[in-house]
Amino acid sequence: MLAFILALEAIVVSVSVDGAALASKPGMITRFVGDYGAWIVKGLIGFAALSAIFVLLAHRSGLALLADELASTTLRAKWFALHLAAIALFGVLSYAFYADSSGRFPPDLIAIAWIGAALGAVSTAALAVAPWHIWDRLVRGAHRLIVSAFAASALACFAGAMSWNLWGPTSRLTFTLVRFILGFFVADIVVQPSAMRIGTHRFAVVISEQCSGLEGAALILTFGLFWLVLCRKDLRFPQAIALVPAGVAILFLLNAVRIAALVLIGHAGAREIATRGFHSQAGWIAFNCVAFAFAIASRHLPWFTVAPRHHAVEFAAAPYLAPFLTILAAGMISRASSGIFEWPYGLRVLAALVALWFFRKRFGAVDWRTGWLGPATGVAVFLLWIGFDRVSVNAMPSALATAAPDLRNSWIALRVIGAVLTVPVAEELAFRGFLLRRMVSADFENVPWRRFTLLALVASSVLFGLMHGERWLAGTLAGLCYAGASLRTGRLGEAIAAHATTNALIAISVVGFGHWSLW
Amino acid sequence: MNSPIAKIVSLTVLLMSVGSYAFAGAPIAPEIDANTGVAAVALLGGGLLVLQTRRRKSDRESK
Chain E
1 MLAFILALEA
11 IVVSVSVDGA
21 ALASKPGMIT
31 RFVGDYGAWI
41 VKGLIGFAAL
51 SAIFVLLAHR
61 SGLALLADEL
71 ASTTLRAKWF
81 ALHLAAIALF
91 GVLSYAFYAD
101 SSGRFPPDLI
111 AIAWIGAALG
121 AVSTAALAVA
131 PWHIWDRLVR
141 GAHRLIVSAF
151 AASALACFAG
161 AMSWNLWGPT
171 SRLTFTLVRF
181 ILGFFVADIV
191 VQPSAMRIGT
201 HRFAVVISEQ
211 CSGLEGAALI
221 LTFGLFWLVL
231 CRKDLRFPQA
241 IALVPAGVAI
251 LFLLNAVRIA
261 ALVLIGHAGA
271 REIATRGFHS
281 QAGWIAFNCV
291 AFAFAIASRH
301 LPWFTVAPRH
311 HAVEFAAAPY
321 LAPFLTILAA
331 GMISRASSGI
341 FEWPYGLRVL
351 AALVALWFFR
361 KRFGAVDWRT
371 GWLGPATGVA
381 VFLLWIGFDR
391 VSVNAMPSAL
401 ATAAPDLRNS
411 WIALRVIGAV
421 LTVPVAEELA
431 FRGFLLRRMV
441 SADFENVPWR
451 RFTLLALVAS
461 SVLFGLMHGE
471 RWLAGTLAGL
481 CYAGASLRTG
491 RLGEAIAAHA
501 TTNALIAISV
511 VGFGHWSLW
Chain S
520 MNSPIAKIVS
530 LTVLLMSVGS
540 YAFAGAPIAP
550 EIDANTGVAA
560 VALLGGGLLV
570 LQTRRRKSDR
580 ESK
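As given, the protein sequences belong to chains E and S, one line each in that order.
Position one of the first sequence corresponds to residue 1 (the numbering used here), numbered consecutively onward.
Position one of the second sequence corresponds to residue 520 (the numbering used here), numbered consecutively onward.
Hints in this document: simulated from the structure, not taken from any laboratory.
Think of the CB as a built atom: it goes at the ideal place given N, C-alpha and C, for glycine as much as any other residue.
Careful: at least some of the hints might be erroneous.
[To be verified] EDC-like cross-link-like pairs, simulated, lysine to aspartate or glutamate; straight-line CA separation at most 16 Å: (1) LYS361/E x GLU314/E; (2) LYS576/S x GLU314/E; (3) LYS576/S x GLU445/E; (4) LYS361/E x GLU445/E.
[Unchecked claim] Chain E residues, not near chain S, derived (Cβ > 10 Å throughout): (5) ILE40; (6) ALA151; (7) ALA152; (8) ALA156; (9) PRO238; (10) VAL248; (11) ILE285; (12) MET467.
The shape of chain E in the complex, shown without the other chains:
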């Protein structure tokens, strides 16, 4: 609960505080906060995350002892009350510092009080969780790691700030690469280097700084370094390090290919697909492909790994996760090939059916049966779902409404099949069949279907909720209900029936009563 409150406070602060509001205010400290505040906060978050990861990896036994000691320590109410007071003061001062432009108080004075309240909120939160002597022991025991984490986060912040200088040169390099690639396909390329505009006489794009490929490079760099650290025992060094620059270079090149493909799609007449679906999905598709290739190469190519090779291998989680993952992958592909409306939705249904068919012989441990509890839970979740939503009658999406009746009906039929059949089976296999049990034990296949831990139940439900976008809270509660149905009876079939019932009622609400916002 405390972790939830602290996370909520952090999200509220990060969303509501905007350093740009300080640009017009006088005062040396105020200007410093406006210019560097965001980087300092990022650095502190990075420092906390790195420290936690370093300590977790290197001091697991010591941490377990501390955890045991902490388990017997209750929340220290006095410090927690002080924390709430400090965070309330911080909220008031944040308003005065960022939003109040009346000039009643000198900005630097408010800045000092604001910084003090922030430090007070953090330190009282720490002391509410554990007494001073535990923090002291933790810092003394892992001071080298903490210094390393501080150095790494400071370096990352410095590199992040310096990377702004790279936007210009990298976007020019990307521009040149796109021009080179387009030259193979189009004879009359339209080029305006001063405006960074490139394309054809029918379709052209401006390569802005955010298109330079740096975002993808930073993402794959982060992923690669984490992967090398996590899998270090199985990797062959220094060979494995070569994967990092290779991944960065490949993703950078793929970004140029992405922009060239976008131009060619637009040139072919599919402007909407180019600027909407393909534009937003292609970067992620490329990143996922490179990250998977990185992970597979590091674990399977003998030049990179010291792990023994086996010829006949299988993946224990594959039957449970593959249907869900193929839906996600098919969804990315179908959205990338769509304009405003996702016409190829049926691809998701087909992908899930193929995956379920492929693994059909490995579902021996799954009890597909259901009784009354599953459908009853499904009805309750449906009521909860529409209770969270301001359900109203919305017009059918215009693309669907103006389509030929056969096409429209086929799309709706596939959408209903997906919602009622493939999605419940795939998601319940993934979240209740695998994730919940995997969080109980690494040997998840031998975890009894009624067994769970509170952490596993909540974490798997929160992740399930996050998959539902803006409806994450309703999704989390739905996940808890579906898990409850499965755990109560020991049958995954109950959760699937519950999920299918909810989705069927939503489909009736959409198709029968015009509540299209529910889809």
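Start from chain E and add chain S according to the hints.
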């Protein structure tokens, strides 16, 4: 969750998913669009979890 790898992969999935909400109000970045990132990160995290459960076929048959 027992192994640190699974813990951190799951944590990464969670943090990046939450992160994409925090950035949802920001202008859409053309290469990496945070608004469509949840599915992509979930796909990557799930795929890595599948890779982590690699075993010899005989291990299952002997259970």
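We went through each hint and held it up to the structure:
no.: 1; hint: LYS361/E x GLU314/E; in the structure: 13 Å, holds
no.: 2; hint: LYS576/S x GLU314/E; in the structure: 6 Å, holds
no.: 3; hint: LYS576/S x GLU445/E; in the structure: 14 Å, holds
no.: 4; hint: LYS361/E x GLU445/E; in the structure: 15 Å, holds
no.: 5; hint: ILE40; in the structure: 17 Å, holds
no.: 6; hint: ALA151; in the structure: 21 Å, holds
no.: 7; hint: ALA152; in the structure: 16 Å, holds
no.: 8; hint: ALA156; in the structure: 15 Å, holds
no.: 9; hint: PRO238; in the structure: 21 Å, holds
no.: 10; hint: VAL248; in the structure: 13 Å, holds
no.: 11; hint: ILE285; in the structure: 8 Å, violated
no.: 12; hint: MET467; in the structure: 6 Å, violated
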